[in-house]
Amino acid sequence: MSYLAHPVRGLRASGRIATVDLTWHAAPWMPLVDHFAVYAARGRAPRESEESLLARTLYPHLTHAVLGPRAVTWHYRVVAVMASGARGRAATASATTTASYATGRPLAAVGEFDHKGLEFALSPAGSADYLDTFPDGVDYRQGSSSPGTHWPYLHPGPADGWAGRRRHTFTLRFALDAVPTADPGFALWLTDTHATAPGEAELSLNGTRIDGITFEKGATKGSLEGDATRTGSPLKPSFVELPLPAAAFTTGENVLTLEKTAGSWHAYDAIGVFAPH
Amino acid sequence: MDAHPPNSPPHPRRRSLLKAAGVSSAALLAGIGVPGTAEAAWSGARLRDDPFRLGIASGDPSDDGFELWTRLAPEPLAPDGHGGMPLAPFDVRWEVAEDERFRRVVRRGHALATAELAHSVHPRVRGLRPERLYFYRFRTGRWTSPVGRVRTAPRAGTRPASFTFATASCQAWYHGWFSAHRHLAADAPDVVFFLGDYIYEYAITAANLWREGVTPGEGHDRETVTLAEYRLRYALTKTDPDLQAAHAAAPFVITPDDHEVQNNYADETSAYGIPPEDFRLRRAVAYRALYENAPLPRAALPIGGPDARYQRRLVIGDLATFNVLDTRQHRAPARGSILGTSQERWLLDGLRGSRTTWNVLAQQVAVMHVTDDRVDQWDGFPAARQRLLDTFADPSVTNPVVLTGDTHRATAGDLHADFADPGSPVVGSELITTSIASDGDGADTDPYEPDWTQHPWVKFYSGRRGYTLCRMTPRELTADFRTVPWVQRDAHAPVSTLARFVTEAGRPGLEKVN
Numbered sequence: 001m002s003y004l005a006h007p008v009r010g011l012r013a014s015g016r017i018a019t020v021d022l023t024w025h026a027a028p029w030m031p032l033v034d035h036f037a038v039y040a041a042r043g044r045a046p047r048e049s050e051e052s053l054l055a056r057t058l059y060p061h062l063t064h065a066v067l068g069p070r071a072v073t074w075h076y077r078v079v080a081v082m083a084s085g086a087r088g089r090a091a092t093a094s095a096t097t098t099a100s101y102a103t104g105r106p107l108a109a110v111g112e113f114d115h116k117g118l119e120f121a122l123s124p125a126g127s128a129d130y131l132d133t134f135p136d137g138v139d140y141r142q143g144s145s146s147p148g149t150h151w152p153y154l155h156p157g158p159a160d161g162w163a164g165r166r167r168h169t170f171t172l173r174f175a176l177d178a179v180p181t182a183d184p185g186f187a188l189w190l191t192d193t194h195a196t197a198p199g200e201a202e203l204s205l206n207g208t209r210i211d212g213i214t215f216e217k218g219a220t221k222g223s224l225e226g227d228a229t230r231t232g233s234p235l236k237p238s239f240v241e242l243p244l245p246a247a248a249f250t251t252g253e254n255v256l257t258l259e260k261t262a263g264s265w266h267a268y269d270a271i272g273v274f275a276p277h
Numbered sequence: 001m002d003a004h005p006p007n008s009p010p011h012p013r014r015r016s017l018l019k020a021a022g023v024s025s026a027a028l029l030a031g032i033g034v035p036g037t038a039e040a041a042w043s044g045a046r047l048r049d050d051p052f053r054l055g056i057a058s059g060d061p062s063d064d065g066f067e068l069w070t071r072l073a074p075e076p077l078a079p080d081g082h083g084g085m086p087l088a089p090f091d092v093r094w095e096v097a098e099d100e101r102f103r104r105v106v107r108r109g110h111a112l113a114t115a116e117l118a119h120s121v122h123p124r125v126r127g128l129r130p131e132r133l134y135f136y137r138f139r140t141g142r143w144t145s146p147v148g149r150v151r152t153a154p155r156a157g158t159r160p161a162s163f164t165f166a167t168a169s170c171q172a173w174y175h176g177w178f179s180a181h182r183h184l185a186a187d188a189p190d191v192v193f194f195l196g197d198y199i200y201e202y203a204i205t206a207a208n209l210w211r212e213g214v215t216p217g218e219g220h221d222r223e224t225v226t227l228a229e230y231r232l233r234y235a236l237t238k239t240d241p242d243l244q245a246a247h248a249a250a251p252f253v254i255t256p257d258d259h260e261v262q263n264n265y266a267d268e269t270s271a272y273g274i275p276p277e278d279f280r281l282r283r284a285v286a287y288r289a290l291y292e293n294a295p296l297p298r299a300a301l302p303i304g305g306p307d308a309r310y311q312r313r314l315v316i317g318d319l320a321t322f323n324v325l326d327t328r329q330h331r332a333p334a335r336g337s338i339l340g341t342s343q344e345r346w347l348l349d350g351l352r353g354s355r356t357t358w359n360v361l362a363q364q365v366a367v368m369h370v371t372d373d374r375v376d377q378w379d380g381f382p383a384a385r386q387r388l389l390d391t392f393a394d395p396s397v398t399n400p401v402v403l404t405g406d407t408h409r410a411t412a413g414d415l416h417a418d419f420a421d422p423g424s425p426v427v428g429s430e431l432i433t434t435s436i437a438s439d440g441d442g443a444d445t446d447p448y449e450p451d452w453t454q455h456p457w458v459k460f461y462s463g464r465r466g467y468t469l470c471r472m473t474p475r476e477l478t479a480d481f482r483t484v485p486w487v488q489r490d491a492h493a494p495v496s497t498l499a500r501f502v503t504e505a506g507r508p509g510l511e512k513v514n
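Chains as they are written, first to last, in the working numbering: chain E, 1 to 277; chain D, 1 to 514.
Keep in mind the hints are simulated off the structure, nothing from the lab. Note that the Cβ used here is the ideal one computed from N, Cα and C, for glycine as well. It is possible that some hints are incorrect.
Claimed, not checked - In silico SDA-like links for lysine to any residue, alpha-carbon gap of 25 Å or less:
hint : chain 1 : residue 1 : chain 2 : residue 2
1    : E       : Lys-221   : D       : Gln-262
2    : E       : Lys-217   : D       : Tyr-448
3    : E       : Lys-221   : E       : Ala-90
4    : E       : Lys-217   : E       : Gly-207
5    : E       : Lys-221   : D       : Lys-459
6    : D       : Lys-459   : D       : Tyr-448
7    : E       : Lys-217   : D       : Lys-459
8    : E       : Lys-217   : D       : Asp-446
9    : E       : Lys-221   : D       : Ile-274
What the hints assert, rightly or not - Derived, one-sided and incomplete: chain E residues facing chain D with beta-carbon distance under 7 Å:
hint : residue
10   : Ala-83
11   : Ala-247
12   : Thr-250
Said to hold, decoys possible - Partner residues are not named here, just some residues of chain E that face chain D (Cβ under 8 Å, in silico):
hint : residue
13   : Tyr-3
14   : Trp-29
15   : His-35
16   : Tyr-59
17   : Gly-85
18   : Arg-87
19   : Gly-88
20   : Ala-195
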């Protein structure tokens, strides 16, 4: 007796910041797929080995995350493993991630862009102490403040009862010797967001509204743990990067504010402003 | 008992889907135990180790037969979920006898255990005599399984003097030992109704591993999502010797709740934001793994999609009808329906048409009113509950009783015709069984108790672990809340009866017996 096994069809890989998104066609219902085995390697085609096994997923897509701020090329091989244990014909694809603004020269930065938020105050699970520790939000001064004391790992939103059900504003102050000649980049890396109410925020620089941010849905686990690189981590990191108009900067102190205007919390990996490449 | 509801339509797409799937469908059918197939005569390679380490089971007894189950797994905790079995199919022989030594074998047959169904088999035994005790076992190669016992149901038109059953639910392996199952097995009820949360999908971590003296092995540090992960979680749960003893002692009638798939799901909606197109895949593999590991009827095997049928009706002569419900797969919160239109009609019509003395619902979540914010229970579906209570109040519906799981608390209460009016007539009673192990040792009381006992209709509440043992006669239903003082330390806790309630036929409501 032999068992049928579905080939993987329609595999696509596309890169973005620190992430490659893989999608392929859903398999027919019968015979039933147990899971898809996804193999990955840098610089070469992966083999179907335990060393190259990136993940097993039931769903016909996978986000290969926590790939760091630099542009890197990954190669993939996806195989359907059937309920019987039989394995189908593999599909292959490659993609290159997008370099983050965080690879540029920092004008201001809080935390490391490393997919971990463990360096922040109250991390990894101290949200219950947030209101006592940061009753008026955050006022962080580059050069004299420190992430472990002055910037909490969670930024609560108006939906968070544990944080008073109100808007919270985080302020980052930093000094410049001169106004930039080209648009700097803003990078906000998150280890996780709330799964159903990730919320929205307003980003302003020196009192001028820059943009509204709508956060991606996360896994609601980042309030309890802060290392998205851990094997088996349930965290769902996301990234917000956008240019800041050079004209909005000033010589001397600059004030960047992030005000959470809707929804629940987001969990910080790092936040910063970077000189253009 | 009728394991298949008389008005249950066949799955219209099932046969054509099987045909379209070629070899695999044959494997599926053979694994279910269809007699007379060519494959059933085929014998696989030799097994070097005992393949019956997950035990044996029977289920859904009728007046002429029952389901049998086993799953070959010489290495139950092999990380790939296949129990240490090769891809090859294996021929499994089964025997049913009137005596424990198998001198009077009355039925025997073959089933093919295939890798497609994790080498599980589900032969349905028919042609037996009603209200008789039988013994069964399996063989493959040189290996013989333990012996199980199962009693057929009384025939329609007869009125048995008594019928005993137990209810059980919520057996989080990592929260404690299953000593309650050992005592349940010793009580040897005619049937065990398992009312959901046979497994839990959660990752097992240092924080929730309260069962002392064990390590779960590889692959349990993440939530179950793939078929392999669900299979492995069932294997872990079923390695418990007391659970195996309970299955060997009595037939189980199993209906799932949420944790067989994911906490608090409703139909194709995940409570954790998984898109419906993905959650359908999740439900399909979760239901598949449940079928592979339980003595369920074939309708419970999802084929060609994420749907399985768990609702069914079991009839105990003229004494009782048990309506086994599924309050997850068809619930539609936006429409206020916990059963779905079709199942609700099937239930309410069945209750009105029943001619048995007792009419019982075997289901998952609390029917009685507790608090409005308990939206996962029937409190979240007040209009559907009122339709049910209105039906209970119908004079043609005799002696309705609801059996419930889910809460991890032993609770007994009366069901009023209108919970907004505590002075309204009592139309039935509800017996909520506590967990086998979920939530660990527990305590006599806990912070949730006032939510329940604030109501005059709640007669009993305890946060201890255990099960509920019932004896039903034409005159009365007696329910013993059996509890164990601990589950975390070891499996040796003694059992005691914490409370006994009696409901007299023709007189709705619970009376506590000292």
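Against the structure, the hints:
1. E:Lys-221 <-> D:Gln-262: Within the cut-off at roughly 16 Å; holds.
2. E:Lys-217 <-> D:Tyr-448: violated, 32 Å
3. E:Lys-221 <-> E:Ala-90: violated, 33 Å
4. E:Lys-217 <-> E:Gly-207: Between Lys-217 (chain E) and Gly-207 (chain E) the Cα gap is close to 28 Å, so the pair fails against 25 Å, i.e. violated.
5. E:Lys-221 <-> D:Lys-459: Violated. Lys-221 (chain E) to Lys-459 (chain D) sits at ~39 Å, over the 25 Å cutoff.
6. D:Lys-459 <-> D:Tyr-448: holds, 15 Å
7. E:Lys-217 <-> D:Lys-459: violated, 44 Å
8. E:Lys-217 <-> D:Asp-446: This hinted pair is violated, its Cα atoms lying about 35 Å apart.
9. E:Lys-221 <-> D:Ile-274: holds, 15 Å
10. Ala-83: holds, 5 Å
11. Ala-247: This interface hint is violated because 40 Å lies over the 7 Å limit.
12. Thr-250: Interface hint status for Thr-250 (chain E): violated (41 Å vs cutoff 7 Å).
13. Tyr-3: holds, 6 Å
14. Trp-29: holds, 5 Å
15. His-35: holds, 4 Å
16. Tyr-59: Holds - the Cβ of Tyr-59 (chain E) comes within 8 Å of chain D, reaching about 5 Å at its closest.
17. Gly-85: holds, 5 Å
18. Arg-87: violated, 10 Å
19. Gly-88: violated, 12 Å
20. Ala-195: holds, 4 Å
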